[in-house]
Amino acid sequence: MIGLSHYLILSGLLFAIGLVGVLRRRNLLMLFFATEIMLNSANIAFAAASYYYNDLTGQMFAFFIIAVAASEVAVGLGLLIVLYKKFGTLDLDDLASMKG
Amino acid sequence: MYEQIAFYLFSVLTIGLFLVTVLSKNILYAMTSLAAGMVLISGFFFLLEADFLGVVQLIVYVGAVMALYAFAMMFFDATRDIKENTTNNALVFFLGGMVALVLVLIFLAPVFSENIEAIYPVVEGVGNAQAVGMVLFTKYLVPFEVAAVMLLVAMIAGIILAGKKMDHSLTTNDDKIISQEDTK
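Residue numbers (the working numbering), protein chains in the order written: chain A, 1 to 100; chain B, 1 to 184.
No lab work stands behind these hints: they were computed from the structure. Take the hints with a grain of salt, since some may be wrong.
Stated by the list, open to error - Cut-off 27 angstroms, straight-line C-alpha distance, at most; resulting in silico cross-link-like pairs (DSSO-like, lysine-lysine): (1) Lys-139/B x Lys-85/A; (2) Lys-99/A x Lys-85/A; (3) Lys-86/A x Lys-99/A; (4) Lys-83/B x Lys-139/B; (5) Lys-86/A x Lys-139/B; (6) Lys-85/A x Lys-83/B; (7) Lys-83/B x Lys-86/A; (8) Lys-139/B x Lys-99/A.
Owing to the predicted nature of the structure, the values given are computational and were not obtained by experimental measurement.
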């Protein structure tokens, strides 16, 4: 029987995959993909808690996470386009313009 | 029985697809596998009887967010492999593995939660979408409206940032300083 801990472990593994992506990637678009993975793993954990505790609050949080993720993507991609037109690259090492 | 088969199948496929997303060098492959993983995650939501959440995941993530990424990729060179100088791969995988281990240990620990009671229990006799609507439009009405305003702000910001007159310094006044720094 699949319990709450199965879903939580799956969510933790997916979160770790997203974290590896965030730490490893140098391309900004790939960093966005990794953050999407982390947000989705949180959504799975919320839905599982909502199901096993028979409470709808978890699903509400998941809805708001989806709304936040959608607006984050809209603003972030606009910023990425501005960055790409200005610098011609999306690599974080090339974008570093501050000294230090 | 079917629930177990579906859970393990979806788990293996989702983890594999997201690993492809994280490790692939090609943006197109990464985006495609990310979209497929999102579809499978909605499968988890259907397993958990959160039907409305699964449908929202399909529409918003797989439909809107992925289409947005696909449109944004038209501005970038998507077919070329990206070159990243990953400085210390072993350290990254060590840290990621350690975080995964710690998270799994935390989730495996016994949960002392016998006294947790549902504040908004699932209403009997109605579908999931109706129950979600009842809770969302009574208890969570103010956050819902705030989220609506936030989406409006995000839409305006996206239009302005990706708009046509971007070359005329619509976003920042110190374009010249940054471009001077860049052409060093």
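Here is how each hint holds up against the structure:
A threshold of 27 angstroms between alpha carbons decides the hint, and for Lys-139/B with Lys-85/A the separation of about 44 angstroms lies outside it, so the pair is violated. For the hint pairing Lys-99/A with Lys-85/A, the CA-to-CA distance comes to about 22 angstroms; that is within 27 angstroms, so the pair holds. For the hint pairing Lys-86/A with Lys-99/A, the CA-to-CA distance comes to about 19 angstroms; that is within 27 angstroms, so the pair holds. Between Lys-83/B and Lys-139/B the CA atoms are separated by roughly 49 angstroms; this puts the pair beyond 27 angstroms, and the hint is violated.
A distance of roughly 45 angstroms separates the Cα atoms of Lys-86/A and Lys-139/B; the hinted pair therefore is violated under the 27 angstroms criterion. Note on Lys-85/A and Lys-83/B: the hinted pairing holds, with a Cα-Cα distance of about 19 angstroms set against a maximum of 27 angstroms. Proposed proximity of Lys-83/B and Lys-86/A is supported: the alpha carbons are some 20 angstroms apart, at most 27 angstroms. Pair hint Lys-139/B plus Lys-99/A does not hold up; C-alpha atoms about 49 angstroms apart against a cutoff of 27 angstroms.
Hint violations for this structure: numbers 1, 4, 5, 8, all remaining hints satisfied.
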